[in-house]
Amino acid sequence: MGCGLCEVYCIVQHSKSKDVVKAYNREQPRPISRVRLETNRPVSFAIQCRHCADAPCVTACLSGAMRKDEETGLVTHDGEKCMGCWTCMMVCPYGAVKMDVSGKVIVKCDLCSGLDVPACVANCPNGALVCNEVKP
Amino acid sequence: MSKYVIVGASAAGIGAVEAIREVDPVGAITVISEELCPQYSRPMISDFVSGKASLEKMKCRDDRFWEKNEVQALTGRTAVRLNLADRYVELDGGQRVDFEKLLLATGGKPFIPKIEGGDKEGVFTFTKFSDAERLATRIESAKRAVVIGAGLIGVSVAEALAKRGLEVTIVEFKDKILSLILDPAASEVVESVIRKAGVTIFTSQTVHRILGKPGDDGVVGGAVLTNGDQVSCDLVIIAIGVVPRVELVAGTDVKTNRGIIVDRFMRTSVADVYASGDVAEAYDFIFNENRLLALWPLAMWEGRIAGYNMAGKKTDYPGGTSMSALKYFDVPVISVGIANPKEDVAYEILVKHDPEGGVYKKLVLRDDVVVGMIFVNDIERAGIVFHLMKNCVNVKKFKQELISENFSLATLPSRLRKKMGLGS
Numbered sequence: 001m002g003c004g005l006c007e008v009y010c011i012v013q014h015s016k017s018k019d020v021v022k023a024y025n026r027e028q029p030r031p032i033s034r035v036r037l038e039t040n041r042p043v044s045f046a047i048q049c050r051h052c053a054d055a056p057c058v059t060a061c062l063s064g065a066m067r068k069d070e071e072t073g074l075v076t077h078d079g080e081k082c083m084g085c086w087t088c089m090m091v092c093p094y095g096a097v098k099m100d101v102s103g104k105v106i107v108k109c110d111l112c113s114g115l116d117v118p119a120c121v122a123n124c125p126n127g128a129l130v131c132n133e134v135k136p
Numbered sequence: 137m138s139k140y141v142i143v144g145a146s147a148a149g150i151g152a153v154e155a156i157r158e159v160d161p162v163g164a165i166t167v168i169s170e171e172l173c174p175q176y177s178r179p180m181i182s183d184f185v186s187g188k189a190s191l192e193k194m195k196c197r198d199d200r201f202w203e204k205n206e207v208q209a210l211t212g213r214t215a216v217r218l219n220l221a222d223r224y225v226e227l228d229g230g231q232r233v234d235f236e237k238l239l240l241a242t243g244g245k246p247f248i249p250k251i252e253g254g255d256k257e258g259v260f261t262f263t264k265f266s267d268a269e270r271l272a273t274r275i276e277s278a279k280r281a282v283v284i285g286a287g288l289i290g291v292s293v294a295e296a297l298a299k300r301g302l303e304v305t306i307v308e309f310k311d312k313i314l315s316l317i318l319d320p321a322a323s324e325v326v327e328s329v330i331r332k333a334g335v336t337i338f339t340s341q342t343v344h345r346i347l348g349k350p351g352d353d354g355v356v357g358g359a360v361l362t363n364g365d366q367v368s369c370d371l372v373i374i375a376i377g378v379v380p381r382v383e384l385v386a387g388t389d390v391k392t393n394r395g396i397i398v399d400r401f402m403r404t405s406v407a408d409v410y411a412s413g414d415v416a417e418a419y420d421f422i423f424n425e426n427r428l429l430a431l432w433p434l435a436m437w438e439g440r441i442a443g444y445n446m447a448g449k450k451t452d453y454p455g456g457t458s459m460s461a462l463k464y465f466d467v468p469v470i471s472v473g474i475a476n477p478k479e480d481v482a483y484e485i486l487v488k489h490d491p492e493g494g495v496y497k498k499l500v501l502r503d504d505v506v507v508g509m510i511f512v513n514d515i516e517r518a519g520i521v522f523h524l525m526k527n528c529v530n531v532k533k534f535k536q537e538l539i540s541e542n543f544s545l546a547t548l549p550s551r552l553r554k555k556m557g558l559g560s
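Chains Z and A, in that order, give the protein sequences.
Per the working numbering, the first sequence runs over residues 1 to 136.
Per the working numbering, the second sequence runs over residues 137 to 560.
Just so you know, not all the hints are guaranteed correct.
[As the list claims (entries may be wrong)] Subject to a maximum C-alpha distance of 25 angstroms in a straight line, what follows is the list of computed BS3-like cross-link-like pairs (lysine-lysine): (1) A:K554 / Z:K98; (2) Z:K104 / A:K332; (3) Z:K98 / Z:K16; (4) Z:K135 / A:K555; (5) Z:K135 / A:K449; (6) Z:K98 / Z:K22; (7) Z:K68 / Z:K98; (8) A:K204 / A:K139; (9) A:K264 / A:K195; (10) Z:K98 / A:K555; (11) A:K450 / Z:K68; (12) A:K279 / A:K256; (13) A:K554 / Z:K135; (14) Z:K68 / A:K526; (15) A:K188 / Z:K98; (16) A:K488 / Z:K98; (17) A:K299 / A:K193; (18) A:K554 / A:K532; (19) Z:K68 / A:K195; (20) A:K245 / A:K195; (21) A:K555 / A:K526; (22) Z:K98 / A:K193; (23) Z:K104 / A:K463; (24) A:K193 / Z:K104; (25) Z:K68 / A:K204.
Rather than coming from a laboratory, the hints here were simulated on the basis of the structure.
My request is simple: use the sequences and hints to build the entire structure.
In structure tokens form, the structure reads like this:
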């Protein structure tokens, strides 16, 4: 339905305070949502990193910041290693890589490491977002 | 005897090691590298010079990479000869390394034209860490630098030196900077931010003589351009391009053009000998022929393909193409494929230019398939277009949407989204 709550809860989850009011009113700069609401009425859906089995961003990464975790299968991104070259953006078929507020590094979905269910999924009022593990 | 021997341990070598280990956890791997610590990102050497990245940050794999993958890493060693009949590589000092499967990932070396005075102290090339390290030691005592060549390497080293406070002059032979990957409009956007940062750019010029310092002719003191103008400088960086390091295969049966010719499995013309990375001429899916493309992401990918095939998992390379993401002076640019076609007849060109917002988007189409693109500033969804290019998707019905500011995955026809695994 295109409410955008996925983006709101993603921002909150990646904020310092983890509180929606504080994250929106007080945190400067406000974190970037890792999930993106794509709309072209009547179509709307949320898109975030698919953690591809054969992830083009991992192969293309110039700095070694983007890695495929052998155990979890997650595509992880190390902001300390990232050189902000945007090569991952060039090769992501989903446009799921975003530029951080700093403009110096990228950010992308980390499936809310630490949470059982990612914030966008847990807070989707319509049950449109689900998180399933697919065997490659 | 090593089952796998890899000459070169930058992107292609690293990619091959990882792919081999996915398939074959035990087969002995030996890697030969001239560098002592080869597992760093070569595209980051300019960040080292600018002070943005330490060697530690530049390491694209950690220090235990070779050990964890049970690789015998012969670092600081040079492969000097191949004996393909008896299947061994000869190292400096005469040591023999026997192989069953060989990967040549020797990369490229800077092309250095003959310039009078080119042997003076203070003349540099800029492709590997040791170049950056040597250049960095000279920065404190230098005030002015001349960079010859405004390609990817030239512009990135110019940016790094400007950020360290040097007065930098770029001298480019063509009439536009980055002319191999950008069209005139995009080139001008980048040129204007570079000029704003205080860098001087001379186009349609080259350096034809390097002068010595008054009183010390052995040390760089200036450069004379083809039009006779003279620029004083303490450093000259030659960044005209790289050429494949094919010297190891000279005199062997390995077929070369400018680089080593490989098939879709990264095999050379000699059985059990593979090549990948900047030394190889591999398939380009836009040109539908083999081309030299000295690009890190492709080297890593080609190395992976070689590794799989060497280890017995038959994997074909769908092909790469010219693809560059730029970040010069914080202006993000993505250029892929035929971004600046010379004859316009066969191509349809769609452009959206918003000079105020700094956004420039250009698509080059051939028979309603995207074969080239340039995105400036608004680049986050460029990968979606790249995906359409790679898959030769006919975009006739929605081509105008692709450069619109509202373009998103939701704009694509639902059948395409379904193919991508999106939507129910």
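Hints the structure fails to honour: none
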